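J.: With the hints as extra help, turn the sequences into a complete structure.
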Amino acid sequence: MWRKFKYSGIIIVILIVSFLSSCSPSNMVTKKGLYLGTFLTFSIDSAHSYVYSKVSKILNNIDKKFSRFNKESLVYRINNKKGEWVKVDKEFIDVLKFSIHMNEISYGAFNPILGEVESAWGFYDGNYRVPSEEELKELRNGTNIKNIMIDEERERVKIIDGELDFGGLVKGYALDLIKNLLEKEKVKRCVVNLGGNILVFGDKKEGFKIGIRHPRESGIIAKIRIFSGTVATSGDYENYFIKDGVRYHHIIDPSTLKPAKSGVIEVTVISEDGMLGDALSTTLFVLGIEKGEEFLKGKYPQVKAIIVDEGLNKHFINGAMDLTVP
Amino acid sequence: MKPYDRILLILIIILLLISVVLFLNKKEGEFLFIKTDSGIKKYPLNQETIITVKGRIGDARIEIKDGKARFLHSPCKKKICEKRGWISKEGEYAICIPNGVFIWIGGDDLDAISE
Chain A
1 MWRKFKYSGI IIVILIVSFL SSCSPSNMVT KKGLYLGTFL TFSIDSAHSY VYSKVSKILN
61 NIDKKFSRFN KESLVYRINN KKGEWVKVDK EFIDVLKFSI HMNEISYGAF NPILGEVESA
121 WGFYDGNYRV PSEEELKELR NGTNIKNIMI DEERERVKII DGELDFGGLV KGYALDLIKN
181 LLEKEKVKRC VVNLGGNILV FGDKKEGFKI GIRHPRESGI IAKIRIFSGT VATSGDYENY
241 FIKDGVRYHH IIDPSTLKPA KSGVIEVTVI SEDGMLGDAL STTLFVLGIE KGEEFLKGKY
301 PQVKAIIVDE GLNKHFINGA MDLTVP
Chain B
1 MKPYDRILLI LIIILLLISV VLFLNKKEGE FLFIKTDSGI KKYPLNQETI ITVKGRIGDA
61 RIEIKDGKAR FLHSPCKKKI CEKRGWISKE GEYAICIPNG VFIWIGGDDL DAISE
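As given, the protein sequences belong to chains A and B, one line each in that order.
Taking our numbering, the leading residue of the first sequence gets 1, the next gets one more, and so forth.
Taking our numbering, the leading residue of the second sequence gets 1, the next gets one more, and so forth.
Where hints are given, some of them may not hold.
Okay, the calculated beta carbon distance ranges per label pair [said to hold, decoys possible]:
1) B:Lys-79 to A:Arg-77: 28 to 36 Å
2) B:Asp-66 to A:Leu-312: 19 to 27 Å
3) B:Glu-48 to A:Glu-84: 52 to 60 Å
4) A:Ser-53 to B:Lys-54: 26 to 34 Å
5) B:Lys-42 to A:Gly-37: 25 to 33 Å
6) A:Arg-77 to B:Glu-48: 48 to 56 Å
7) B:Lys-65 to A:Asp-151: 51 to 59 Å
8) B:Met-1 to A:Ser-56: 49 to 57 Å
9) A:Lys-87 to B:Gln-47: 52 to 60 Å
10) A:Glu-206 to B:Gly-58: 39 to 47 Å
11) B:Ile-97 to A:Asn-180: 23 to 31 Å
12) A:Leu-34 to B:Lys-65: 23 to 31 Å
13) A:Lys-291 to B:Gly-58: 38 to 46 Å
To spell it out: a stretch of chain B is covered by chain A in this simulated footprint if at least three of its residues, at any positions, have a beta carbon under 8 Å from a beta carbon of chain A; those stretches are [said to hold, decoys possible]:
14) 82-88
15) 91-99
Hints listed in this document are in silico derivations from the structure and should not be mistaken for laboratory results.
Since this is a predicted model, take the numbers as computed values, not measurements.
Ideal Cβ positions, reconstructed from N, Cα and C, are used throughout, including at glycine.
T.: See below:
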C-alpha cells in the first residue's frame, strides 16, 4: 500500500511547490511606450493586459490638452494667442485651478507659468545658455500668476503674458487618471512608471518595492516599500548643463528665475494623489529642507517625502522613514 | 511505480530544473535591453563591448563595461541620454527621445525606480 503512494506523493509535493512558485508576479505583462515626451513602462496582471490600449488613449488625450510642444494642444494655443480667449473644457480648468492653488499655498514656489523662463535657459530645446540679469528682469512680468484668466462659465482661458507649462504636474495627473481606470476595470495588480513617476496598484501582500535613484551615481540611494499610491521624484540631474564649473538645472526658483539653489538635489514625494505628489516634488525642491518640511507638515501631513541635500544626507518628512527597507 | 509514473516524474524534475535555472538567472543574470524602431535586443552585462545601433536621427553608441551600460555617444542635441551616465540596476534606464533609442537593465527585485 505505502509503496504505491511513495512516488505519487513526491510528485504531488513537487506539483504543489511548482504551482506555488508560479503564483509569484511572473504572470504580469509589461508594455513600453513613448508618451508625454517621456518613457512609459506599464506592467499589469495578464488577465487585464487589454487595459493598456485604454491607458494609451488617456495619455494621448492628456498630450492633446496639456503639452506645450504639441501644436494641437490647448496649452500651445493659449501660449501662442496671448490676450485672446481660448475655448477649453472643465478638465482643463480643474487642472489649471489646481496649479494656481498650489502657487498660492506654496508662496509662489510652485509656478505653472514659467514657460518663457525655461525657454530662455534653453531647457526645452537643448540650446543651453545663461540669460543675463536684464533678460530675466524682462521675463519677470510673464511669471505672475495673475496673467492667467479663467472664464469658468464659458469654459475659456487666456493669458496676458508669459507661457503656461504644466511639466511640474502633468505626469502625476496622468497617473491619477490611470488609477481611476484601473479601479474601474478591477485590475488585480499594476505598476506604472511614467518617466520616473510611479503608480502602484492592487494586491501585493509583501508590498511594492520602489528604488529612489541616486542623484550622483549609478544605482539607487534608498528603497521604499508601499502598498498603493504614487511616487514622484524631482532632481537636478536630469536636464542640466555645466558652464564655468556651475551646474544649471531645470528646476527654476520662481523668485529668482534661476535654477533653485535651496541646498536640495533630489526630492521624492510619496502620495495617494499623483498630481499633488508631482507638484509637491518641485515645490519642496524650491523651498528647501527647512521651509519644505514646515510646509509639508502644515499643509499635507498625509504626504510623505524624502529630501536629499547636497551632502547626500536624507531627510525624512511625515514618517517617510517608516517606508524605507534595506 | 508504473512506467507512466516514471515518465511523469522525469518530466516534472526536468521542468523543475528549468524553472530553477530560470529563477536563478532572473536574480543574477543582468542584461541590457536596447529598443529601437527595429525591435528589442538583449546583451549580457558581463561582456565588455560597444554596440552601435541605428536610431531615428543617426547612429548611437552604447557601451557595456564592468556590469554597467551607458550611452557613449548619441547624435541628439540635449545629450540627456549621455548625461544619464552608467546604468546597472534592474529597472534603470536611459532614453534618447529624439533618436528613439531606449536602453534598460533587467534583473533584481525592485518593482520600479523613481527618478
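J.: Hint by hint, note whether the structure agrees.
T.: Evaluation of the provided hints:
Judged by the Cβ atoms, the range 28 to 36 Å given for Lys-79 of chain B and Arg-77 of chain A holds: they are separated by roughly 31 Å. Against the hinted window of 19 to 27 Å, the Cβ-Cβ separation of Asp-66 of chain B and Leu-312 of chain A comes to about 22 Å, which satisfies the hint. As the Cβ distance of Glu-48 of chain B to Glu-84 of chain A is approximately 58 Å, the hint placing it in 52 to 60 Å holds. Ser-53 of chain A and Lys-54 of chain B have their C-beta atoms about 28 Å apart, which keeps the hinted 26 to 34 Å range intact.
Restraint check, Lys-42 of chain B to Gly-37 of chain A: a C-beta distance of roughly 26 Å satisfies the suggested window 25 to 33 Å. Hint check: Arg-77 of chain A to Glu-48 of chain B, Cβ distance near 51 Å, so the stated range 48 to 56 Å holds. The supplied range of 51 to 59 Å is met by Lys-65 of chain B and Asp-151 of chain A, whose beta-carbon atoms lie about 58 Å from each other. Taking the beta carbon of each, Met-1 of chain B and Ser-56 of chain A are about 54 Å apart, inside 49 to 57 Å as hinted.
Checked against the hint of 52 to 60 Å, the C-beta distance between Lys-87 of chain A and Gln-47 of chain B comes to roughly 57 Å, which is consistent with it. Taken as a hint, the range 39 to 47 Å holds for the pair Glu-206 of chain A and Gly-58 of chain B, whose Cβ atoms sit roughly 44 Å apart. Remark: the range hint 23 to 31 Å for Ile-97 of chain B to Asn-180 of chain A is upheld by a beta-carbon distance near 27 Å. Between Leu-34 of chain A and Lys-65 of chain B the beta carbon distance is about 27 Å. The supplied range of 23 to 31 Å therefore holds.
Roughly 45 Å separates the CB atoms of Lys-291 of chain A and Gly-58 of chain B, a value that falls within the hinted 38 to 46 Å. Under the rule that three or more residues need a Cβ within less than 8 Å of chain A, the assignment of the region 82-88 of chain B holds, with 5 such residues. With a cut-off of 8 Å between beta carbons, the region 91-99 of chain B has 5 residues touching chain A; three or more are needed, and the interface restraint holds.
The structure is consistent with each of the numbered hints, conforming to all of them.
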